[in-house]
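On the provided structure of chain A, position chains B, C, D, E and F as indicated by the hints.
There are 6 protein chains.
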Amino acid sequence: MTFKHGDSVNQPFFVKAVQVRTYKNSEQRKYVELVMFAQSGESFPGRIWDWQEKIKTYEREIQQGDVIHITGEASEYQKQIQIRVDHLEWRDEDKATWVDQLLPRPKQSADRLKQRLHGMVSTMEHPILRALAEAVLSDREISERLYSYPAAKTNHHATLHGLLHHIVSMMECANKVQQQYPFLNRDLLLAGVLYHDLGKIGELTHLRDGGDYTLEGKLHGHIHFSATLLQRFGQQQGVVKTEAFKLLQHMVLSHHGKLEWGSPVTPKIPEAVVLHMIDKLDAMMFCMFSEMQSLQPGEWVKRTKSLENDMLKHSLLNETEDYFN
Amino acid sequence: MTFKHGDSVNQPFFVKAVQVRTYKNSEQRKYVELVMFAQSGESFPGRIWDWQEKIKTYEREIQQGDVIHITGEASEYQKQIQIRVDHLEWRDEDKATWVDQLLPRPKQSADRLKQRLHGMVSTMEHPILRALAEAVLSDREISERLYSYPAAKTNHHATLHGLLHHIVSMMECANKVQQQYPFLNRDLLLAGVLYHDLGKIGELTHLRDGGDYTLEGKLHGHIHFSATLLQRFGQQQGVVKTEAFKLLQHMVLSHHGKLEWGSPVTPKIPEAVVLHMIDKLDAMMFCMFSEMQSLQPGEWVKRTKSLENDMLKHSLLNETEDYFN
Amino acid sequence: MTFKHGDSVNQPFFVKAVQVRTYKNSEQRKYVELVMFAQSGESFPGRIWDWQEKIKTYEREIQQGDVIHITGEASEYQKQIQIRVDHLEWRDEDKATWVDQLLPRPKQSADRLKQRLHGMVSTMEHPILRALAEAVLSDREISERLYSYPAAKTNHHATLHGLLHHIVSMMECANKVQQQYPFLNRDLLLAGVLYHDLGKIGELTHLRDGGDYTLEGKLHGHIHFSATLLQRFGQQQGVVKTEAFKLLQHMVLSHHGKLEWGSPVTPKIPEAVVLHMIDKLDAMMFCMFSEMQSLQPGEWVKRTKSLENDMLKHSLLNETEDYFN
Amino acid sequence: MTFKHGDSVNQPFFVKAVQVRTYKNSEQRKYVELVMFAQSGESFPGRIWDWQEKIKTYEREIQQGDVIHITGEASEYQKQIQIRVDHLEWRDEDKATWVDQLLPRPKQSADRLKQRLHGMVSTMEHPILRALAEAVLSDREISERLYSYPAAKTNHHATLHGLLHHIVSMMECANKVQQQYPFLNRDLLLAGVLYHDLGKIGELTHLRDGGDYTLEGKLHGHIHFSATLLQRFGQQQGVVKTEAFKLLQHMVLSHHGKLEWGSPVTPKIPEAVVLHMIDKLDAMMFCMFSEMQSLQPGEWVKRTKSLENDMLKHSLLNETEDYFN
Amino acid sequence: MTFKHGDSVNQPFFVKAVQVRTYKNSEQRKYVELVMFAQSGESFPGRIWDWQEKIKTYEREIQQGDVIHITGEASEYQKQIQIRVDHLEWRDEDKATWVDQLLPRPKQSADRLKQRLHGMVSTMEHPILRALAEAVLSDREISERLYSYPAAKTNHHATLHGLLHHIVSMMECANKVQQQYPFLNRDLLLAGVLYHDLGKIGELTHLRDGGDYTLEGKLHGHIHFSATLLQRFGQQQGVVKTEAFKLLQHMVLSHHGKLEWGSPVTPKIPEAVVLHMIDKLDAMMFCMFSEMQSLQPGEWVKRTKSLENDMLKHSLLNETEDYFN
Amino acid sequence: MTFKHGDSVNQPFFVKAVQVRTYKNSEQRKYVELVMFAQSGESFPGRIWDWQEKIKTYEREIQQGDVIHITGEASEYQKQIQIRVDHLEWRDEDKATWVDQLLPRPKQSADRLKQRLHGMVSTMEHPILRALAEAVLSDREISERLYSYPAAKTNHHATLHGLLHHIVSMMECANKVQQQYPFLNRDLLLAGVLYHDLGKIGELTHLRDGGDYTLEGKLHGHIHFSATLLQRFGQQQGVVKTEAFKLLQHMVLSHHGKLEWGSPVTPKIPEAVVLHMIDKLDAMMFCMFSEMQSLQPGEWVKRTKSLENDMLKHSLLNETEDYFN
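Residue numbers (UniProt numbering), protein chains in the order written: chain A, 1 to 325; chain B, 1 to 325; chain C, 1 to 325; chain D, 1 to 325; chain E, 1 to 325; chain F, 1 to 325.
Don't read these hints as lab results, they were simulated from the structure.
Zero decoy hints are in this set.
Cut-off 16 Å, straight-line C-alpha distance, at most; resulting in silico cross-link-like pairs (EDC-like, lysine to aspartate or glutamate): (1) Lys246(D) x Glu216(C); (2) Lys218(E) x Glu243(F); (3) Lys153(D) x Glu42(D); (4) Lys313(C) x Glu243(B); (5) Lys313(B) x Glu216(D); (6) Lys258(A) x Asp310(E); (7) Lys30(F) x Asp7(A); (8) Lys153(E) x Glu216(E); (9) Lys218(B) x Asp310(E); (10) Lys4(C) x Glu33(A); (11) Lys4(D) x Glu76(D); (12) Lys218(C) x Glu243(D).
Only chain A is shown next, with the shape it has when bound in the complex:
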């Protein structure tokens, strides 16, 4: 953690979320709740007290997406470091540069990852499945989002182009698993990987817009939206009555593996079983690798929603650039 209780703060932050609140028994008094990215890639809550006074000086509201230079103090509140903002300044001139530095992102560039994704799709052979995969990549609006959105709000790959990062890693893992178990249909696996989390582009917002759940995200979930997008592309291609399409749609709907994990049906073909396992494996590998990067051997990662246990960083682990090859 970058800050400890009592540390003074003096650096720029990206405003991930912002909300002005009123003291209920004194409608004149207001304060601001912030969620901000620091240069370390970590996310911190912030508070500006008596905003009704401060805004007279600034004459400007804080917007989601602003880059602001903060002076203030860190304090531990309910096991979490929170930053009290005493003074702030907008970094409007060099904002673009700062956004680049402040938003968390994978080691590999989006271009490099896109290239790897296109490389995998170009090896697909089944005409319907390949057409369905290419339809995504050719749809400008969809693919732009696919290349830039996070893959989750908090659990794993919650970064710029985190979704792309996750898809590329899973595709290459699926490729290897299919080499091991050759009765599996490789194209079903690759298309399943491409579509399974595509609905994240409707469930979440772009990280520049906060990377939070949309209303549809909360009310419908990403599996429904992934399935709706596949339905749309299937209709475009006129293939919704084919076995390949039905199997692929089944893989999208069942990829959480269990009803209690939010899939309306459970995996009923070998490729759906494998898709679920690779998805879980890749998320866990990402989380363990990420959490262990700031630890010394012998230290433990605390259990999270993704990691069902405390995890030991042991000294036999290899040092690598990214979590996948």
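For chains B, C, D, E and F alone, coordinates are given in the frame of chain A:
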């Protein structure tokens, strides 16, 4: 149960499902597995042994949907009565009449139920929700299925126009509950009832075709298909971005109430909570009423998947024609 | 929430609970822990430090049920607003007026609700069930408590005559559900509603006395006490051997619906199934309505023990006075 | 097991339960379903086919409680041995003698067990708890049932005076456990043992009457009936407001240990925790001892509802007369 | 399934298990229970009635491991085909040849699999982990069992050298997964695969001896025996205090992934997480592949303990020799 | 609790754990996290801020096991009292005396408990089981740890020679239970008690060394280590192939009673069932007795991991020196 072990059988049946099987170690020998409706409305398994001999006489294969007059014997096998077919005759001339008599159906006619359904929809006031409801009723292909399909394979309302029966009962129940809790939006409830199980028309086949799961039914489930149909009508009406549509879609997706019961999201608005409870209530009322009809007071209904307990038919219950008013 | 961290406090409160505590390593120093109702109907914890000093000034102990005017400060402690009492004054002269204003209560008066309850009971026809219902209303001690007690410590209807509020709403809901499913025995449903939570009058104290669990409440639970009261009235009426009595006792014992929710038996007659569902429905409707009253459309109610999910206040909900009609 | 498939049968049985049934599609044909105790102490189902014919010969209906000499054949049906009755004769003259031989019973006589029970009660010192214990033993109707009823329908101690057997064993075990943990109140433990299953005398019938559930047993359960009896004796003694009574009632209500095992409250005093554990221990010891008596070392007892596992009879177990000392 | 009810049987079988039983009420009458492998690789129960007569002719007891030529009849009993033996003959002269044909085995020879295993071990680099792996392969008694035992009693790889089959497939899969996630320690993964199920050689018997649980298998389980063997080899190598050894022992103990699946600790290092997932994946791939081999596209595999769902054999699956490459 | 928020502190503490930490954004600033035993036997967290300054004065690091006299202040932080250390002094001269006073320990001396343990073992009769028990007591290194280690990190018996305390109490309880159920093998029970938690000496450290989990403790668990020790002594005695040894090993492995509680196998012999129940009973008796010692009758113990409920200290409990006799 109509038959006991050892009873002789001599009456017509509707063939709900049929499969010719081969003795594995003697490819010349074949037998037939049947599922059949009797006049009592009950469903029975049947067996025809040494079909390779019998077919020489009949010179005809049995088809799903045939009406056949059977002579044979009932025997109890693994706690279930099964009918051994010694001889059979096709009732081709008066088939239509027999189908009418053999397929199980509710007390109320489809026309009467349709009328009640249209009556309820005609009271809806919210323009978008009413338009979405009317779109279903105006779509000839969809509405014809809606008026005639079963609501389930086995659990409840597994009859001719069982889906319509279930929808009408739920709508009138929803209407009453909304009168009791007037902050609820009545139109959301009614539209939710109409759409929630609409996907059954893709998940199952018509009872004349066996009332069994389709391949899509097994691989995608009816919630996905209900949501896809709502998406289609929402796009037709150009309303998919409205709050009303999003809430309705949420109700469809969440109507099983819990993730482990197959909803990809759980109820997050009051009307979704109510829809789930009315659905469960109506199914249980149907099952208890149906199972108790053939019992004497003091006898018990055995627990089933729908009824979580043995249920006592007590003597204070009222005698009524149908399970709902 | 009425207060925020740092707000000054200057207003009367009702003392719901009070406890004087000693600093363990300094027996001379004492402090007071309070739970208090504010005029907003909300409940707040309070602290008076160094009470051994302050009591020298006041020359009086604080009692549960006192109305005290407090000056002090609100502070957030472990996600909860707590009030530090710097100075206090007893409002003894106008106490009765203040009690009326400070204790939370439903929109409808106790008289109005009582009238509705008596109205429903007067329509009952089964002689034994009606006699059992009237026995409760005629028992002066029992009925006085029934008309004034809360229905729960915190979850739902935790107000003055909250139990009456809950019973009236459930009775009218049961009435409507029975109209929908006419094979159900209406009198069993109404008597079941009346008795199911009657034991709350032994499990809890009057809200004026804190509305907290009694020792019997913790050790025996309200289901046992409801059943004991029904047993008593059944013996008074000489009906404990009748089927109607046995069924009603079963409904009382099974109304939590599942063993893990504290019922020693699960529902085994249709009316017991319905009683459980109406109870759950009414509690959820109350909670959602209450929690949403202070929210704007688009805001979310946080999940609680009663509400298994965050709940959206959407803009299609109707504005109404009370949660039921 | 005494009989195997195909064995001929020629011996007397006690009729535990009897039901005449009609073939539904032939109202003239009837058959009889029996449950019978053999001399081995085992219970067997029986069938008499075409009873409408046989009864013409016998000119007499079979009653629950009859002793009948049967000739017929054993056959395995659905993993259970069932006896086909070809001919039967009533043993009316020496019926009493046969009942004594046919009903299963513990090694120790009821008199011996009663003496041990009275011995334990006579050591109780707390006046209220002792009075409550003696009230049971002095109530002629209650104590006669207590001395003769089974403790369960099937799981454990399902024999003549099985309830007494269970209570005596648990009391002596409780006595030893209290010696080990002397902060526990011995009289609470002993009174708790006496009352915890007392309701079995209302939940079940006497073994001579079949030892099956009564209607109240199914609808209310024995915990409610035990609590009702304790309430009655408490009122008789005028002690229902004492701490001792409230604690004892808590022990009765909580003795199943968990909500999901049918207790409406969970154990909240040390003696209630111990009562639950001793109850479970004694039932398991009984079951393991009983099941292992007919096995050779190295053989396994199959898992049952009471035994959560297959259990090995190993060669280090001691040979003893009864399962407790 | 090779046989149907009523088929006559005339072919050799391998006796997997045999037990002579006595009719309890007629100690002179005996029958034999058999479990036998047919040439199809399937396992069947068998019965020889009135063995006390037949043995007079044969003058010989049947032993586990015998090859017997049977004439008799197949009949369906409780959903399972069972073979009634009317006559039998021992195939003593050509027994070895028949054992080879009758015991189920993988497509790949033990030699080929052994070679692949040695190939993988020869690439290990960490001195301690490699030494621990080689210690197994050099221990003649252990390695001979490792090369020939089944990997389970029934679920998966329950064949001759099934354990070796499973280990080789998992090792090559682990190798690929480590290539994908290079921060994982490859040698830990390979050693973990080698040791995780090694205890099967104590939990089960050789398939020639029935492939059933040993007493230790039932009382201790294979995880304990795997850990004991690793402890032994660790002491031999003098490495039990090294981090590598402790991590490897952790992987063995945690490889079932969850406490409720029988691991005394849950995975706490990345390699343990991966080992568990690969183990589960490989078992499921084996089961799906095996079960689907005898099906046509469009047919379904019934759910089993290993497969949590019915599984569809779809038409896009590839035809391959073995389930892994 | 000894301290309240705001109390000043001035007394010696035993350092149970110590860690120096760095402020991440200012590597020069350091602080110390302590866990300390006070004279009351309670454990408290402590903090020393700006240690980089203070250490210049002290010129000495704090070590686990030090006794330090602290002046500072208690403050409540996240529901826990924490001690801010303003000044500290090492008590090196009288350290041994203080360690004796500061480490929590049972009422009975280790010598008295050891004597009771040896007394029980000396009554064992089965030669193998007695030899296995005596082997532990004769192994100097093992027995010294057995006589001094805690039985748990926090739940129960987390004191000096807490393991010995637990074993003696369980042995005498087992002895009594075996007297009640004499078919149980007494020596198996006693040996099972002795070995079941022996692995704690590897899972935890001595309380002087902090009483915390070792790395092996976290990665392997104490059941594995108990089993490994039994294996070692079994090999020493040459008895690992005997039934007695196998049964005893089964008892060790299964003593947590359920897979989800960390046993790799569940109890399959009567003695294993009893061992599990006595273990659970003794832990609960210890916890209830300990927690209730500082309470008045009528007060409640809060639920903990060991106590599944809030527990009432009632007024009928007896006053005793220790929790067992």
